[in-house]
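Visitor: Below, each chain spelled out in residue letters.
There are 2 protein chains.
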Amino acid sequence: MSVTILESTSTILPPKEQLPGAVRSNFLHVAEALTPTLHEWTERPLGTVTFKLDSTAFFQCRAVPQHTVEELSKLAWGKGDEFTLDFGSHRVGYFSFHCGIQGANADAPARLRLTFGEIPFDVMEDIQPCKSWISTSWVPDETINVDWCPADVDMARRYSFRYIRVQVLDTSAKFKVTFQNIRVRAVSAIDPSAAMPSFRTQDAQLNRIDEVSIITLRDCMQTVFEDGPRRDRRLWLGDLRLQALTNYCTYRNFPLVRRCLYLFAAMPLENGAVPACVFEKPVAKGSSDYIVDYDALFGSVVYDYTRESGDLDTAHDLWDTILQSMKSILSYIDASGRFDSTLGEAWAFLDWKPELHKDAGMHGLAIFCCKAVNSFARLLDKPPPYEDVVSKMTAAALTFYSKEHSVFVSGPDAQVSWASNAWMALAGVLPAEQCKKALLATLVHPDAVKPLTPYLFHYFAEALAVSGAEVECLALMKDYWGGMVEAGADTFWECYDPNDARASPYGDCHNNSYCHAWSCTPSYLLRKVLKDYLVRSGQVA
Amino acid sequence: MSVTILESTSTILPPKEQLPGAVRSNFLHVAEALTPTLHEWTERPLGTVTFKLDSTAFFQCRAVPQHTVEELSKLAWGKGDEFTLDFGSHRVGYFSFHCGIQGANADAPARLRLTFGEIPFDVMEDIQPCKSWISTSWVPDETINVDWCPADVDMARRYSFRYIRVQVLDTSAKFKVTFQNIRVRAVSAIDPSAAMPSFRTQDAQLNRIDEVSIITLRDCMQTVFEDGPRRDRRLWLGDLRLQALTNYCTYRNFPLVRRCLYLFAAMPLENGAVPACVFEKPVAKGSSDYIVDYDALFGSVVYDYTRESGDLDTAHDLWDTILQSMKSILSYIDASGRFDSTLGEAWAFLDWKPELHKDAGMHGLAIFCCKAVNSFARLLDKPPPYEDVVSKMTAAALTFYSKEHSVFVSGPDAQVSWASNAWMALAGVLPAEQCKKALLATLVHPDAVKPLTPYLFHYFAEALAVSGAEVECLALMKDYWGGMVEAGADTFWECYDPNDARASPYGDCHNNSYCHAWSCTPSYLLRKVLKDYLVRSGQVA
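Protein sequences appear in the order of chains F and Z.
Residues in the first sequence are numbered from 170 upward in steps of one, following my numbering.
Residues in the second sequence are numbered from 170 upward in steps of one, following my numbering.
I should point out that these hints are in silico values taken from the structure, not numbers from a laboratory.
All values reported here derive from a predicted model rather than from experimental measurement.
Careful: at least some of the hints might be erroneous.
Put simply, identical chains are the same to the list, so a pair is met inside one copy or across any two.
[Said to hold, decoys possible] Cut-off 30 Å, straight-line C-alpha distance, at most; resulting in silico cross-link-like pairs (DSBU-like, lysine-lysine):
| # | residue 1 | residue 2 |
| --- | --- | --- |
| 1 | 248 | 300 |
| 2 | 551 | 572 |
| 3 | 243 | 619 |
| 4 | 606 | 522 |
| 5 | 647 | 697 |
| 6 | 619 | 697 |
| 7 | 572 | 248 |
Chain F extracted, bound-state conformation (with noise of 0.2 Å):
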């Protein structure tokens, strides 16, 4: 996640900023007091590489090895002079680096340019001027200076990235620099060596996805669940959801996910409602940014962390800020029992996508919500305080259901789009044979409105595998984030557009992160989701 202001419309209008609550201070506590120590590990660069143009390419490029890292320590760069480096794969850390001389004396500062790219554009050209609209401060280029060469360099703060271009603005006439012991003291919440369970297909690509999936919810986990750890680094509840769900199924790493919630029930808005994403630094501060559709799915993600860790304590802690969670949204219900997005200013959000109307989504979700609520309740031994509210609002659904073409559709232009039909399919408001047909329809549907961001993506696939479409589920998995492994990924991205390299919601793909949250669910799919089906095919052992 990461909010922005977009320059087009949308049904619901984006942030409307909200004022803070009082800070619960004893939830304040809880949180901090489960503040991970992070693991570090050192990591080295392959080697230096060049781009070499290659139409057939993603990037249109292909990187080629040009020194090892021994070969490079033995080089010397002066004013002009520039290098790539290589690390292999994706890495979240500090980077250092000993920068030495060649020549009689260092009788001037070296200058040096670093940018640390996650894609092959963010290194082979340059990356500013960025155009991006939202904050170019995000674009992770630093100018230093090296007073007292030789020097070991230390560089302050963490990047993401696996190349890093290397530009030498000048060192002075009578010297050049050298580069040793050049390496990333890697950061994570999750020790990379820490056995996880077992998961093997006998498809090499989606075995692959899943590895870029884990690697991308490793490189997530840091203090929180940052969305990206290259922007915005910070814990969003949407983002938080598909995080943990992948975690349950790989790294089980549940105090982070109980320090997340903590957080977010430490820091309520005014209204009592959860704000879509909270501060860590540079002291714990809830954000004005509210999204109505992030608040309702609180219960839901404090629903999967009591089921997956047996941890009854955060449940009963929490359940007063699962009920205001879900007060929002339920204010947008009318008294026909259909959402209805004109009945307040909050902002749902679903997908980044302009053109999306947003109710039968919306709609569907809060159905999802409550259930998941309803859910809770009834294992928490209360009485489940939804159970009205889903029956008239599941009733409520065939409104939005078109029997003409067998789909779900929104707004005064019956608009189609994979947001509604996922929505409703996951609130399960018919039998799953018939949602099944309402995504397949969805899916060829020549002016479905199809989603911007692997969020939605996300949520498609998942309700494809529980409509019993698991072998749609799959393909779709294969072509999407398939295409990114192809595309040569070694994280997931923010966003993906198989037509469009340079696609960016932020005008400026400088400004995009290939390592984000919200892409890591392939794992949660196939290891928990597709599970029972890949065992019943004969595709898991």
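Starting from the known structure of chain F, fit chain Z onto it as the hints suggest.
Guide: Just chain Z now, with coordinates in the frame of chain F:
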């Protein structure tokens, strides 16, 4: 001092690199034990300024106060905004501020560009790209990214400045930045509140020149006598001589001079000569730069120190180094007793002026150095080693004298220059009255090669003063150093051309140093060399 490679020719070719000799670790230990703990004090800006065009001003502009620090603390700055801080005078130290925010959340880093200016040009126009052919790594601009605002920002590098241009490259749509607690932790080997010998003439301009000299010296006095705190930030022997002389009649800090003397003696070149400069960091190291006149002046620097401090132990310790330091210059004396630059390949400096013919000046300087060492020997009860040399060279000096024009000349074209006449006068090769006549004739000679640097301006001024031309010396000081004061100098500059505010020996004035050690001598001239005259003529009480 600073070594550059001139593109034009001079009679003795610049820097021929020399191999380092064995480090004399006993001397190095003495130097290290004398490393001062720097004094630190806090300075705050007066406020912000803008620059208005003013065709009557040297820099064609005039600083106009804009916001007080109090007003500034309440203003918020977003993408593309900028302001310029004015600290009221020159500072050397570490810059800090509190970067606050105005807005809902700091959901992105703040990217700032900071440019540290010694003169208006540094901050009123873009300092990059710098067209200087010496290292542009010296250009004092930094781009920083502040990840978690609000934050206290402490810049790690030391800067030399009066103005700071602060450009907000980006924040985000959610917040702007504010600036509070802006300050510099100023540093010097000198306690700025320490008492010094009182001195006051009846001429306000001379008093101001004295003040500016003293601040120049203070800001260059760090863990060594630096040539300039902006660039090159290191110890050069020629600069040290002038700084030490000025120090003796102002701060009277003897340990720092002693430390510098031992640093030079500790790291001789392979042939035993004294290097032109030494590096302190990352480890103490003699430079490969060699300047034959700097080498020869070493004895005079130790002699000055010994007379002022009374420390005879140092003198005895360094005596062998002094004798070594004379060898190179004496190897250029031909059979007739004349300095002949064609007898070797070492670099003679005297001044940066490319067209200067240096034989006559070097001849005078050699005599000056021999005489100083002879006097020093007598002080130490040693036999004066160069009495015969002085006799022979003094006689031979007349072969450089043009009876027709009453000036010293150099080279096949009988070039008249300030350098030749200054050093012949300082060597005392003719009676003072005749030297005075030569100096005054040089001053008005239409083709005389004038100095490019304050270094040679100093020696010419001193030559005037010791030859009985005190009136002309004061006039020269008021014209030259007074011109810098009129132009707004808070500290004296590395170079000054009254007719060209953008003059630079380096191709771009943005790489000039405007607080430069070899310009600090007016306090020495006024307080020591001219003192008797000023008292005698009633200008000093």
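Visitor: List, from low to high, the hint numbers that the structure doesn't satisfy.
Guide: 2, 3 and 7
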